[in-house]
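Chemist: Given next are the chains, with one letter for each unit.
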Amino acid sequence: MGEPTTGKIIVFSVLTAMVIGGGLGVVFLRNVFHALVAMVVCFLGVAGVYFSLQADFLAVMQVLIYVGAVAVVIAFAVMLTRRGTMADSNRFVASGLQLAIGAAVAAGVGVALLRLICETAWQASGKFPATDVTRFLGEALLTRLPIPFEIAAVLLLVALVGAVMIALEEVHKS
Amino acid sequence: MGVGLLLPEIIACMGGLVILTERLFSKGEPERKDAAWFGASVLIIAGVAALRLLGVNETAFHGSYRVDDLAVYFKLVAVVAGAVTLLFAPDLLSQRRVKSGDFAALVLFAATGMMLLPSALDFITLFISLELISISFYVLIGIQRGEVRPAEAGLKYLLLSGLASAVLLYGMSLIYGLTGSTYLTAIRQAFSVGEWPLLAGIGSLMILVGLGLKIYLVPFHMWAPDVYEGAPAPTVAFLAAGSSAAALAAVLRLFGESLTGLSGVWLPVLLILAVVTIALGNIVALPQTNIKRLLAYSSIAHAGYILLAIVAQSSAGTAAVMYYCFLYAITTVAAFGVISAFAETSGGEIRSFAGLARRSPFLAFVMLISLASLAGIPPLAGFMAKFAVFAAAVQAGYVVAAGIALLLSVISIYYYFMVIRAMYVDEPVETAPIPCGWGTQAALLIGLGGIILLGLIPWPLLRLAQEAANFARF
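Chains A and B, in that order, give the protein sequences. Each residue of the first sequence is one higher than the last, beginning at -8 in my numbering. Each residue of the second sequence is one higher than the last, beginning at 952 in my numbering.
The set of hints was computed from the structure by calculation and includes no laboratory data. Every residue gets a Cβ at the ideal spot worked out from N, C-alpha and C, and that includes glycine. Do not take every clue at face value.
Covered by chain B, according to a simulated footprint, are these stretches of chain A (three or more residues, beta-carbon under 8 Å) [stated by the list, open to error]:
1) 107 to 116
2) 135 to 147
With the Cβ distance kept under 10 Å, some of the chain A side facing chain B (calculated, not the full set) [claimed, not checked]:
3) G99
4) A150
5) G153
6) I157
7) L159
Simulated DEER-style distance windows between Cβ atoms [to be verified]:
8) A/L159 - B/M965: 20 to 26 Å
9) A/T125 - B/E1146: 54 to 60 Å
10) B/G1388 - A/G93: 46 to 52 Å
11) A/A115 - B/G1400: 54 to 60 Å
So that you can see chain A by itself, here it is in the shape it has in the complex:
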C-alpha cells in the first residue's frame, strides 16, 4: 500500500481512460465493428486494472477469455450475420432526451456511490498479497467452492448448446 507514486498515478490514469473510453465507444460508435474494437480496448484496460491490483491470474484470464475468445467470437458473429452496410450497423444509439435522462441518473448514482465509498472505512486485510494467486484460487475452488466450479462448467455448456439451438437451424436454411 502506501502513498501512490507518480508512476502509479500515470498507469492508473491510462488504464481508466482505456476502460471509460472503450465503454463510451461501445455505446456511441455507429459501426458495430468499431464498437467491437472499442470493447477490446475496454477489456484490455480492465485486465490492466487487475494486474495493478496484483490479481495476475484474473488479468491473464481476462485477456485470454474476453480479449481472445469472446471478442473473436463476436467478430465472427458480426461477419456471419452481416446485413446492409457496416457503416450504419449499430442503429440503437440513444439520442436526445434518453441520453440526457440516462446520463443524469448515471451521474447521480455515480457521485453518490463515490462519496460513500470514499467515506467508508473498508476492511483491510493485514496479510501480504499472495505471490502465487493461481495456487490459492485452485485450492479454494476444489476445497471450499467445488459447487460453483462444477456449475460453471454446466453453465458454459448450456450457453454453448443453447446458442447452437437458437442459431443452427437458420444456418441450415441459408
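Given chain A's structure and the hints, the job is docking chain B onto it.
Modeler: Quick look at chain B alone, frame taken from chain A:
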C-alpha cells in the same frame, strides 16, 4: 454425507446431459416426445432423492451449501413445476417444430439451478446457480426459431436480466468489501452487532434490485408481460412456477436470515414496493384482453402478496411464503397447461375462450379451478395460501398493508371471472372439439388434483412449511 447432499441436483444434471448426448446420435424429429417423458421421470427420481433429504439439516463444503427442510421444500417445488411442464410441453412443441429433447435438456439444467439456489449459503454459489437458471431461460424463451415474438421476448429477458445480474454483483461486492466474507453466516454476524456504514444498506438494496427482476418486484417487472406473450406456454409455465420460487428462496436466505441486521434500510423499501406491486399487478390486469398478459400481471400481483409475507420477518411469514410458492407453482402450471393445449393456437385472446366449456368441458373445468384458486376462492388451495400470507402480515403488525392487499385481491376476482364468463356463458365462435394429448391430460389432472387436495387438506404441507421455517434460522 458430502456428495450425497447433492444427489437430486446430480440426477437432474445427468439427465440433461444424457438427453443432449442422445441428441448427438438421433435426428431429433419434433414429433418424438420420449425425451420429454424421460426428462419428467428424471425429475421425479430427483424429487424422490430430495424427499430422502428431509430432516437432514447439514451444512457442507465449508459452510457454502446447506441442506435443510427449507431447501428441500423449494427443491420439490422446482421438481413438481419442471415435471408437470415436461408432461404437457411436447404436445405444443411438436406443432411448433421445436425438438422436445432440446426443451427437456434445458428444463433439466434450469431445474438443477433451481434446486441449488435454495441451498446456497455463499454469494458465489448463489450467483452462479441464479445464472444457470437465467441462461437456460434465455434459450427456452427464444426456442421457437424463425418467429419475431419469441426472439423479441428472449432478447428483452436477456438484456434486463443481464443488467439485474450486474447490479446484484455490485451489491454483493459492496457487502463483501465491508465484511470480508462471501458467506451468509459470516455476513449475518458482521451486521448483527454495532454500527454499519450506509454503504452496506445500499449494497443490500442493490441485491434486492438484482433479485427483484426474478421475483416480479415492481418497478423491475417490465419484462413479464412481453415475455409471457412472446414465449411458448410451457416455457412461461416453468418460468412463472419455478424461477420465481427459486429466487424467492434466495430472498428468504438473504433477507430473512443473512441481512437482517440491515433491515432498517431495506425493510421499508420492500414494504412499499410490495404494496405497489400488489396494486399495479391487480389494477393493470383489469383491461387486459390477452390471457397470457393477464396472467403476467396476475403473477406480479401474487409476487406482491408473497413479498408481504417476507416483510413480516417471522417464521409464520416464511412458512406462508413456502406454502404460497408450492400452491402458486401448481396452479400456474395447470393454467398454462390449458393455454398450451388450446389458446396458443388461437392467439391467446380472452374472447377466443368463448364457449370453451362446450368445446372441451375438461379444459374449461381445469381453467375454472385454477383461476378460482388464483382468485383465492375457498375451499381451493389459493384461499389457504392468501389466508396464511395475510395472517402473517397482520401478526407482524402490518395491518394497513394487509388491508390494502385484501381489498385489491377482491378486485382481482373480477378479471379472473371475465375469463370464466367467456368460457361458460358466451356463445362459441367455433364448435369444433379440441384435441388433447394424454401427456397434457395427465399434467392437467395432476394440477387439478393438487389444487383441490391442497385446498381441502392443507395441513400436511402447511405443517411441513412451518417446521422448515422454524428450523431455517442458522
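Chemist: It remains to establish, for every hint, whether it holds in the given structure.
Modeler: Each hint, compared with the structure:
Using a Cβ-Cβ cut-off of 8 Å, 8 residues of the stretch 107 to 116 of chain A lie near chain B, which meets the minimum of three, so the contact claim holds. Using a Cβ-Cβ cut-off of 8 Å, 9 residues of the stretch 135 to 147 of chain A lie near chain B, which meets the minimum of three, so the contact claim holds. Hint status for A/G99 relative to chain B: violated, with the closest Cβ pair at about 13 Å, above 10 Å. At its closest, the beta carbon of A/A150 sits 5 Å from a beta carbon of chain B; the interface hint therefore holds under the 10 Å criterion.
Satisfaction of the interface hint for A/G153 is found here, the shortest Cβ-Cβ separation to chain B being roughly 3 Å, below the 10 Å cut-off. Residue-level restraint check for A/I157 holds (minimum Cβ-Cβ distance to chain B is 6 Å; threshold 10 Å). Given hint, A/L159 at the interface with chain B, holds; its Cβ is 9 Å from that chain's nearest Cβ, closer than 10 Å. For the pair A/L159 and B/M965, the beta carbons lie near 24 Å from each other, so the given range of 20 to 26 Å is met.
Checked against the given bound of 54 to 60 Å, the beta carbons of A/T125 and B/E1146, roughly 38 Å apart, lie outside it. A C-beta distance of roughly 48 Å is found between B/G1388 and A/G93, which places it inside the suggested range of 46 to 52 Å. The hint said 54 to 60 Å for the Cβ distance between A/A115 and B/G1400, and at roughly 59 Å that hint holds.
In terms of the numbered hints stated before, the structure departs from hints 3, 9, listed from lowest to highest.
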